[in-house]
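J.: Chains as they are written, first to last, in our numbering: chain Z, 1 to 268; chain Y, 269 to 508; chain W, 509 to 806.
These aren't lab readings, by the way, just hints derived from the structure by calculation. We put the beta carbon where it would ideally sit given N, CA and C, even for glycine. Some hints could be false.
[Claimed, not checked] Once the Cα atoms are required to be at most 25 Å apart in a straight line, the calculated BS3-like pairs of lysine-lysine come out as:
(1) Lys-501/Y - Lys-366/Y
(2) Lys-199/Z - Lys-103/Z
(3) Lys-74/Z - Lys-776/W
(4) Lys-787/W - Lys-803/W
(5) Lys-473/Y - Lys-776/W
(6) Lys-215/Z - Lys-490/Y
(7) Lys-144/Z - Lys-616/W
(8) Lys-366/Y - Lys-215/Z
(9) Lys-215/Z - Lys-473/Y
[Claimed, not checked] Computed footprint of chain Y on chain Z, listed as stretches where at least three residues anywhere in the stretch have a Cβ under 8 Å from a Cβ of chain Y:
(10) 198-204
(11) 225-233
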Amino acid sequence: MSCWDIIADYGLRSIGIGERLLPRSDFTLCHQFTLIGSGMIWNIYFGILALITGFVLAVSLAVGKASHNTVIRKTAEWIIFVFRGSPLFIQFFFAYFLFLSLKQTFPVFSPLTSAWAGALVVLFLNTAAYSGEIFYGALQSIPKGDIEAADAYGLTGLKRFRRITFPTMLRLAWPAYTNEAIFLFHATTLVFFSGFPAKRQQGDALYYASYFADKTFNPFVPYPILAGYFIVLTLIVIAIFGAINKRLNRHLPQQQMSKIRLKMNLIR
Amino acid sequence: MKNLVLTTAAIALSAGMAFAGSHSVVRMGTEGAYPPYNYIDDNGEVAGFERELGDELCARAELTCEWVTNDWDSIIPNLVSGNYDTIIAGMSITDERKEKIDFTTNYTQPDPSAYLAMSADVDVAGGVIAAQASTIQASYIAEMGATLLEFATPEETIAAVRNGEADAVLADAAYLGPIAAESADMVMLEQTVLIGGGVGMGIRKSDSELRDKFSAAINSMKADGSLNALIAKYEIGEPF
Amino acid sequence: MRCPIFSFCTDPDTLGQLQWFLCYFTTAKHAGLYVAVGTVLLLLAVTAPVALGFGFAGAVAARSSFLPLTLFGRGYIAIVRGVPDIAFFLFFIIALDQFLEWIRHSIKCPDWTDPIRQGNDFVVCQAAKLPLGTAPQWVHETYGFALAVFTFSIVFGAFAANVLFGAMQAVPHAQTETAAAYGMNPRQTFWRIVVPQMWVYALPGLGNLWMVLIKATPLLFLLGIEDIVYWARELGGIKTARFTDYPHGDWRMWYFLALLVFYLAFTKVSEVFLDRVMKRLTHGQATAGGEAQRKGMA
Numbered sequence: 001m002s003c004w005d006i007i008a009d010y011g012l013r014s015i016g017i018g019e020r021l022l023p024r025s026d027f028t029l030c031h032q033f034t035l036i037g038s039g040m041i042w043n044i045y046f047g048i049l050a051l052i053t054g055f056v057l058a059v060s061l062a063v064g065k066a067s068h069n070t071v072i073r074k075t076a077e078w079i080i081f082v083f084r085g086s087p088l089f090i091q092f093f094f095a096y097f098l099f100l101s102l103k104q105t106f107p108v109f110s111p112l113t114s115a116w117a118g119a120l121v122v123l124f125l126n127t128a129a130y131s132g133e134i135f136y137g138a139l140q141s142i143p144k145g146d147i148e149a150a151d152a153y154g155l156t157g158l159k160r161f162r163r164i165t166f167p168t169m170l171r172l173a174w175p176a177y178t179n180e181a182i183f184l185f186h187a188t189t190l191v192f193f194s195g196f197p198a199k200r201q202q203g204d205a206l207y208y209a210s211y212f213a214d215k216t217f218n219p220f221v222p223y224p225i226l227a228g229y230f231i232v233l234t235l236i237v238i239a240i241f242g243a244i245n246k247r248l249n250r251h252l253p254q255q256q257m258s259k260i261r262l263k264m265n266l267i268r
Numbered sequence: 269m270k271n272l273v274l275t276t277a278a279i280a281l282s283a284g285m286a287f288a289g290s291h292s293v294v295r296m297g298t299e300g301a302y303p304p305y306n307y308i309d310d311n312g313e314v315a316g317f318e319r320e321l322g323d324e325l326c327a328r329a330e331l332t333c334e335w336v337t338n339d340w341d342s343i344i345p346n347l348v349s350g351n352y353d354t355i356i357a358g359m360s361i362t363d364e365r366k367e368k369i370d371f372t373t374n375y376t377q378p379d380p381s382a383y384l385a386m387s388a389d390v391d392v393a394g395g396v397i398a399a400q401a402s403t404i405q406a407s408y409i410a411e412m413g414a415t416l417l418e419f420a421t422p423e424e425t426i427a428a429v430r431n432g433e434a435d436a437v438l439a440d441a442a443y444l445g446p447i448a449a450e451s452a453d454m455v456m457l458e459q460t461v462l463i464g465g466g467v468g469m470g471i472r473k474s475d476s477e478l479r480d481k482f483s484a485a486i487n488s489m490k491a492d493g494s495l496n497a498l499i500a501k502y503e504i505g506e507p508f
Numbered sequence: 509m510r511c512p513i514f515s516f517c518t519d520p521d522t523l524g525q526l527q528w529f530l531c532y533f534t535t536a537k538h539a540g541l542y543v544a545v546g547t548v549l550l551l552l553a554v555t556a557p558v559a560l561g562f563g564f565a566g567a568v569a570a571r572s573s574f575l576p577l578t579l580f581g582r583g584y585i586a587i588v589r590g591v592p593d594i595a596f597f598l599f600f601i602i603a604l605d606q607f608l609e610w611i612r613h614s615i616k617c618p619d620w621t622d623p624i625r626q627g628n629d630f631v632v633c634q635a636a637k638l639p640l641g642t643a644p645q646w647v648h649e650t651y652g653f654a655l656a657v658f659t660f661s662i663v664f665g666a667f668a669a670n671v672l673f674g675a676m677q678a679v680p681h682a683q684t685e686t687a688a689a690y691g692m693n694p695r696q697t698f699w700r701i702v703v704p705q706m707w708v709y710a711l712p713g714l715g716n717l718w719m720v721l722i723k724a725t726p727l728l729f730l731l732g733i734e735d736i737v738y739w740a741r742e743l744g745g746i747k748t749a750r751f752t753d754y755p756h757g758d759w760r761m762w763y764f765l766a767l768l769v770f771y772l773a774f775t776k777v778s779e780v781f782l783d784r785v786m787k788r789l790t791h792g793q794a795t796a797g798g799e800a801q802r803k804g805m806a
């Protein structure tokens, strides 16, 4: 069997297209590259969707935390605290069991017990809390002069937020937000190691990597392959976010541009 | 899920290594989550059919035994790497497993696997079937073509059916029996499948001396009827 | 054999609700959960200082002008950054175990001729096994725990090194220059001037790291330790009356809720504590925080 055949059979295995059974013996490098790569589809799916949906909630949480209304402020603070203060791993487990029991009373919730929806909801709330905190920090450090200038131009309310506050906040928060995006992609590997079951042995990249490590007793091949895929993914994220950063800062003189500096923040 | 030392899968060193003979303590590896075969009781001790059986076998073979629990999905690698000396965890004897480890003679008759579902008219061939990962049942479902939903522990497979995640669960009939008896809402399907060649103790290939000792003890229990008594007590399939 | 803590627990079927729960939560099986909580605390207590030690050594090494050392540090950080953390944990703990056994193998069995890697298998002689196949159970458990602690320490040590390195650089140059003017040699300058002053710059980063470390402890579960996640899953599962005196339905949600609350409380306490320490440390320092404190008092 040539490598092309293997790619044809297993390339989309993680979403249920192609060969039904996983390989059981004679694992070649090609098998490992193909299946782990196939699993990356899930990591990318979770990462992108959680990032986009999480962004909207994050901005609301940041504005909420900065709000003068006590109820709104406290609510935002609590959401941020709960999701930043506890391990994502435990959140996954809890959410899965919570969705299971919700489902019994309200059948509407039944999709949430599968990974594609349930884990996405957890990741969405989790990244919203982390980025909400980042955006809140940025809101607090918007130069006073900018707001005063907006007032002088007669901008108020939503208009001031849309034209002045929001773009400045985004610009200030962007380097930290880039980090958040990278680590969100990394966090997606936890999904199939928590309560969420893998349907038809369709899992993410780490699911297949550990499948191979289990079957071959050799961690030195599948994990470096996984690492390679993630380093490429990280570089792509940095490139995309770097381009956006450039655009956000395009009105500033070159040397004032805030460079994206990667900060480390490991496990969440 | 992964266990620490799944690493050192040493393939059998030649049987000559004075290894089996040097067992001061024989460490019995089990899962502790598969009643009535093995489970953790209220006192935090390993209990069940295999606990009683194992203790009796050790007494007959004049060995000192110690009980260890290990996750199911890494139970073979950790035996091979020497974390414990036997697997006594309701493990059916199959050809695939025999490539990695040796088995003693079987101490249960081949136990048919049964389906447990919320209603009797479930289509098992076309439905979603839950099974514990890396069991004979899981590979059976994968080959049969039904949608396999894998869980790390047997307990989760039952919960999956209750919660509507899966249409049915496929597991050893002895395991499903007490659960079906206690839950009025669940039914065992008529249809059973016979997979595997009975349950035996898994032992490293290098440890043939230990394997023979346990096989002899099992045979002596078969001969005097004490094994059948245990099988009846825990309702584990047919007697010998 | 049962020795319940409360004498009325001998017949759970007859109990009222409160007493039933009292008995339920004091079964010997639940002790496994409580011990596991202790394990988490022990892991934190051991890992934090060891990681700090590694971090300090790393930071000192990174300050040295020896090129290979710097490159090693940078490469390491780049990999930790680019790769998902659990993959790193899963890989590292296996690699470490095989590495230790390989070393022992080379020392103890020099006349072994077969290759170590035979196809899919990793084969060392029995004498090189870690721990020895004949060792009692507690040795196996301790070895597993020690490997986990070491793995945590290595990973977090790298992060601590980064924080401490930054803190050492942040100590104002005027301070070190003055020290030199007083005739201190570099070693004296480092120990007497830089090290005592760097902590205030390091503390925010280290505090953040501590929070991350707390949140990383459930990963013990992935390393095969019977930790709180294991017990929450085991205890919360459905129990039928035939195999326990305390039958109940699927309570895993509540067990994981309890874990969630445990971690939130732990984080909150740490946050409050670190805030206090920071206030104390900034007191009288020539930093923005110290200045703000001074103004606040006035």
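J.: Assess, step by step, whether the Cα of Lys-199/Z is no farther than 25 Å from the Cα of Lys-103/Z, and give holds or violated.
T.: OK: Lys-199/Z and Lys-103/Z at ~18 Å, within 25 Å.
J.: Tell me if the straight-line CA distance from Lys-74/Z to Lys-776/W falls inside 25 Å.
T.: The given pair, whose Cα atoms are some 16 Å apart, holds under the 25 Å limit.
J.: Is Lys-144/Z close enough to Lys-616/W, meaning Cα to Cα at most 25 Å?
T.: Between Lys-144/Z and Lys-616/W the Cα gap is close to 70 Å, so the pair fails against 25 Å, i.e. violated.
J.: Quick one: see if chain Y covers the segment 198-204 of chain Z, three-plus residues with Cβ-Cβ under 8 Å.
T.: holds (count 4)
J.: Are Lys-787/W and Lys-803/W close enough, with their CA atoms no more than 25 Å apart?
T.: Distance of about 14 Å is within 25 Å: holds.
J.: Within a Cα-Cα threshold of 25 Å, do Lys-473/Y and Lys-776/W meet the stated pairing?
T.: Distance ~52 Å between Lys-473/Y and Lys-776/W Cα, so the pair is violated.
J.: Is the Cα-Cα distance between Lys-501/Y and Lys-366/Y 25 Å or less?
T.: Roughly 29 Å between the alpha carbons, so the hint for Lys-501/Y and Lys-366/Y is violated.
J.: Would you mind confirming whether the straight-line C-alpha gap from Lys-366/Y to Lys-215/Z stays at or under 25 Å?
T.: Distance ~15 Å between Lys-366/Y and Lys-215/Z Cα, so the pair holds.
J.: Take the segment 225-233 of chain Z, compare each residue's beta carbon with every beta carbon of chain Y, and decide whether three or more fall closer than 8 Å.
T.: Our answer is that it is violated, as 0 residues pass the Cβ test (under 8 Å) against chain Y, missing three.
J.: Under the criterion that the straight-line Cα-Cα distance not exceed 25 Å, is the pair Lys-215/Z, Lys-473/Y satisfied?
T.: Within the cut-off at roughly 18 Å; holds.
J.: Need the status of pair Lys-215/Z, Lys-490/Y: alpha-carbon distance at most 25 Å?
T.: Roughly 35 Å separates the two Cα atoms, so the pair is violated.
Figure legend: structure checked against the earlier numbered hints; hints not met, in rising order: 1, 5, 6, 7 and 11.
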